[in-house]
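Chemist: Quick note, the sequences are listed as chains U and R, same order. Everything in the first sequence is counted per my numbering, starting at 1 for the first residue and increasing by one. Everything in the second sequence is counted per my numbering, starting at 275 for the first residue and increasing by one.
Rather than coming from a laboratory, the hints here were simulated on the basis of the structure. By construction, the Cβ of each residue, glycine as well, lies at the ideal position given by its N, Cα and C atoms. Please note: incorrect hints may appear among the correct ones.
[As the list claims (entries may be wrong)] Chain R regions said to be covered by chain U (calculated; three or more residues, Cβ under 8 angstroms):
#1 330-341
#2 485-492
#3 617-626
[Said to hold, decoys possible] To give an idea of the interface, some chain R residues facing chain U are shown, with a C-beta separation under 10 angstroms as derived from the structure:
#4 Ser344
#5 Lys347
#6 Ile351
#7 Met443
#8 Gln474
#9 Ile476
#10 Gln480
#11 Glu495
#12 Ala501
#13 Glu611
#14 Thr613
#15 Asn614
[As the list claims (entries may be wrong)] Chain U is nowhere near these chain R residues, computed Cβ spacing over 12 angstroms in every case:
#16 Trp433
#17 Asn434
#18 Val447
#19 Ser461
#20 Glu499
#21 Gln563
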Amino acid sequence: MRKLGRQLLAGPYLVWIIGFILLPVVVILYFALTNSEGDFTLSNILAIGDPIHLKALFLSLRLAVVCTVICLILAYPLAMILNKTGRKRQNLIVFIFILPMWMNFMLRILAWRMLLNNNGVINTLLETLGLPTLNIINTSTAVVFCMVYDFLPFMVLPIYNSMARISQDVVEAARDLGAGSVTVFFKIILPLTLSGVISGIIMVFVPALTSFAISDLLGGGKVMLIGNVIEQAFNQQFNWNLGSGLSIVLMIFVVVSMALMSAHDKEGGGAGVW
Amino acid sequence: MKMKKMIALLAVGILSALPLAGCGGTDDENTLTVLNYGKYIDPEVLDMFEEETGIQVKYDESETPEDVYSRYKAGSIDYDLICTSDYMVEKLINEGEVLELNFDNIPNVANLDETYFEFSKSFDPENKYSMPYFFGTVGILYNKNMVDEADLTTWSCLWNEKYSDQVIMADSVRDSFMAALKYLGYSLNTTDEAELLEAQEILLNQKPMVQSYLVDEAQDEMISENAAMALVYSGEAGLAIEENENLGYAIPEEGSNVWIDSWFMPKTAKHQENAEKFLDFLCRVDIAQLNFDYVYYATPNKALYETMDAELQQNTTIFPPQEVLENCEVLKSLDEESTNLYNELWKEIKSAG
Numbered sequence: 001m002r003k004l005g006r007q008l009l010a011g012p013y014l015v016w017i018i019g020f021i022l023l024p025v026v027v028i029l030y031f032a033l034t035n036s037e038g039d040f041t042l043s044n045i046l047a048i049g050d051p052i053h054l055k056a057l058f059l060s061l062r063l064a065v066v067c068t069v070i071c072l073i074l075a076y077p078l079a080m081i082l083n084k085t086g087r088k089r090q091n092l093i094v095f096i097f098i099l100p101m102w103m104n105f106m107l108r109i110l111a112w113r114m115l116l117n118n119n120g121v122i123n124t125l126l127e128t129l130g131l132p133t134l135n136i137i138n139t140s141t142a143v144v145f146c147m148v149y150d151f152l153p154f155m156v157l158p159i160y161n162s163m164a165r166i167s168q169d170v171v172e173a174a175r176d177l178g179a180g181s182v183t184v185f186f187k188i189i190l191p192l193t194l195s196g197v198i199s200g201i202i203m204v205f206v207p208a209l210t211s212f213a214i215s216d217l218l219g220g221g222k223v224m225l226i227g228n229v230i231e232q233a234f235n236q237q238f239n240w241n242l243g244s245g246l247s248i249v250l251m252i253f254v255v256v257s258m259a260l261m262s263a264h265d266k267e268g269g270g271a272g273v274w
Numbered sequence: 275m276k277m278k279k280m281i282a283l284l285a286v287g288i289l290s291a292l293p294l295a296g297c298g299g300t301d302d303e304n305t306l307t308v309l310n311y312g313k314y315i316d317p318e319v320l321d322m323f324e325e326e327t328g329i330q331v332k333y334d335e336s337e338t339p340e341d342v343y344s345r346y347k348a349g350s351i352d353y354d355l356i357c358t359s360d361y362m363v364e365k366l367i368n369e370g371e372v373l374e375l376n377f378d379n380i381p382n383v384a385n386l387d388e389t390y391f392e393f394s395k396s397f398d399p400e401n402k403y404s405m406p407y408f409f410g411t412v413g414i415l416y417n418k419n420m421v422d423e424a425d426l427t428t429w430s431c432l433w434n435e436k437y438s439d440q441v442i443m444a445d446s447v448r449d450s451f452m453a454a455l456k457y458l459g460y461s462l463n464t465t466d467e468a469e470l471l472e473a474q475e476i477l478l479n480q481k482p483m484v485q486s487y488l489v490d491e492a493q494d495e496m497i498s499e500n501a502a503m504a505l506v507y508s509g510e511a512g513l514a515i516e517e518n519e520n521l522g523y524a525i526p527e528e529g530s531n532v533w534i535d536s537w538f539m540p541k542t543a544k545h546q547e548n549a550e551k552f553l554d555f556l557c558r559v560d561i562a563q564l565n566f567d568y569v570y571y572a573t574p575n576k577a578l579y580e581t582m583d584a585e586l587q588q589n590t591t592i593f594p595p596q597e598v599l600e601n602c603e604v605l606k607s608l609d610e611e612s613t614n615l616y617n618e619l620w621k622e623i624k625s626a627g
C-alpha cells in the first residue's frame, strides 16, 4: 500500500518528464533528420558547416567563454567575502543578489537597453559629470555585459555554497601545520570549492551559449548568435527542419561541455547545490 | 532507422492530438474563433459583439504574418476568421486554404471605400476572399532637429554618411529590401537575382552606418531621440509623433510599400455565418470608430472617414495622400525559390561585419 502511494507521488513527475522533456526532444530529432517532405536526410545537421552558421556558432562560443570567465573572476572573490561576513549581513547580500531575479528576464534586458542607450540614463549621467560617454549599445560588448549581469548569481551561489561547507577546522589545522594564506588558498580552499566552480561554470556557460533574446535586444540585430539563427529558421523562414537540425548541433555542444566539466567534478555533488 | 521514425511520428501524433483532445468537448454551435494581430481591436468591441449577438468569441493574437501562417498551419485550432497582411493572405489563397466570403451577408461592407478593394486585387484578384481592415504605408520616421527635411525626398537619405550611426533599419527581410530596391528604382516584388544582389550590396555597404535593426523597439528609440531616422510602419509613426512632437513621417518620392491587413475565412471555419456577422459588425461606423481610436491606423471605412474632423482627415501620416498611394506597391507573396533567395541574402547581411 505504502509502495503504491509512493509510486503515485512520482506520477506527475513522470508525466512532466515524458510530456515536456522527452517528447519534445524526440520531435526535434524527427524534424532534424527529415526534409520538408518527411524523407530522411542529414543535411539539416550538416548545415552547421555553412559559413554563416559556423560564424554564428563561433561567436556564440566566444561570447559564452568570455562571459563565463568574467563571471568567475567576479564571483569567486565575492563568494569569499560573503563567507567571511557575519550571518545577518550574509543573508542581506545574498538577498540583494537574488532580488533582480524576481523581475522578468525580458524586462531586465529591456531596462538595460534604456540604461545603455546613447541618450540613456548612464550617458546622461556621464555627460553631466563631464565624462566621455559610453557607446556600447548594439555591440557584442553590451551583449556580454548583460549576460554577465543576468548569469552572475548562478556562479556566485554554487561557489558560496561549497565554500560555506568547508569546515573551519580544516583551515585551522593547515595553519597549525605552518601553511600561509596563499598555501591555504591553493591547497585547501580552491580544491574544496572546485565542485561549486564547475557547476557555476556549467550554469553560466550553457545559457550564455544558447541565448538569443539578449543578443537580439542589446545587439540591435547586429550580433547574430547561433540562437538567433535558429530562431529565424523557425519564425521567419518556416524551416522547422533546419532549425531543429541546428538545435541538435547546439545540444551536442551543450552536452559535450557538461560532460567535460563533470569529468573534472570528482566529488560529484556539484550539481546538487541547487 | 525505421523504428526511430515510427517513434517520432507517434510522438508528433500524440502531441498534435493533445490540444484537440483539450477542446473537443466544448465545441457548441454559437462560437467564433478569431485570430488577429496583437492590440489590433478594441477589447470592448468583442464584449459588445458577444452581448448583441450571443455568439461567444474565442480570441487569439499573433505578432507577425509569418507567425499567423505557422499557427494556422500547425492546425491545432480551427479558426473561423483570421486577419493578416496582404502577401500572407495571397500565399494562403494560392495554397487553397481560403473560403469565399458571401458579401450579401455583410451589408455594412457598403461603408468601405471601393479604392481599397481595388488595392486588394493585387492579392485577391476578384475580391472574393478578403475584406480590408486597416491599411498604411512604410516610410521614414525622422527627428526634425536631426534631419534636413530636404534629404527625405529620396531613399538615399538612409545611405547618407551625414546620418552615420543614426539610422534604424527594419529587422525584417521584405521591409529592408523594399527600401533598397525602391532606392535602386526596382519593384519591391522583384525576383530578378541581379537586382536582388545589387540591393544586397547596398544594404551591406549600409550596415556599418546602421545603428540597429529593430522592429517593435524602433518607435521607442525614436521617441527617446536615440536615432535620427527609422524605417517604420505608418501606424507606429503616428503613435510616435503623438508622443514626441519633434518627430515627423515621410515617404520618399521613389515610392514605398502600401500594406493592407484583411480578414478572411480559412478552410477550417466551422461557423461561417457567425464569421460573416462579425465582419458585418466590424464595418458598422460606431464599431469602426472604436477600433480606429484604439489602433490608430488608416481605416478603409469611408462612412467613418467622412465623420472625422478636417485636421484628422488631413493627417498624412495616418491617411496617405492619393498621389503618394499611387506611387506605392503592395507586397506580393513570393514563390519558394525567391523566398529562399531573399532569406539567404538577408542572412548574409545580418551576419556581415
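Chemist: Of all the hints given earlier, name the ones this structure violates by number, lowest first.
Modeler: Hints 6, 8, 9, 10, 13, 18, 20 contradicted; others consistent.
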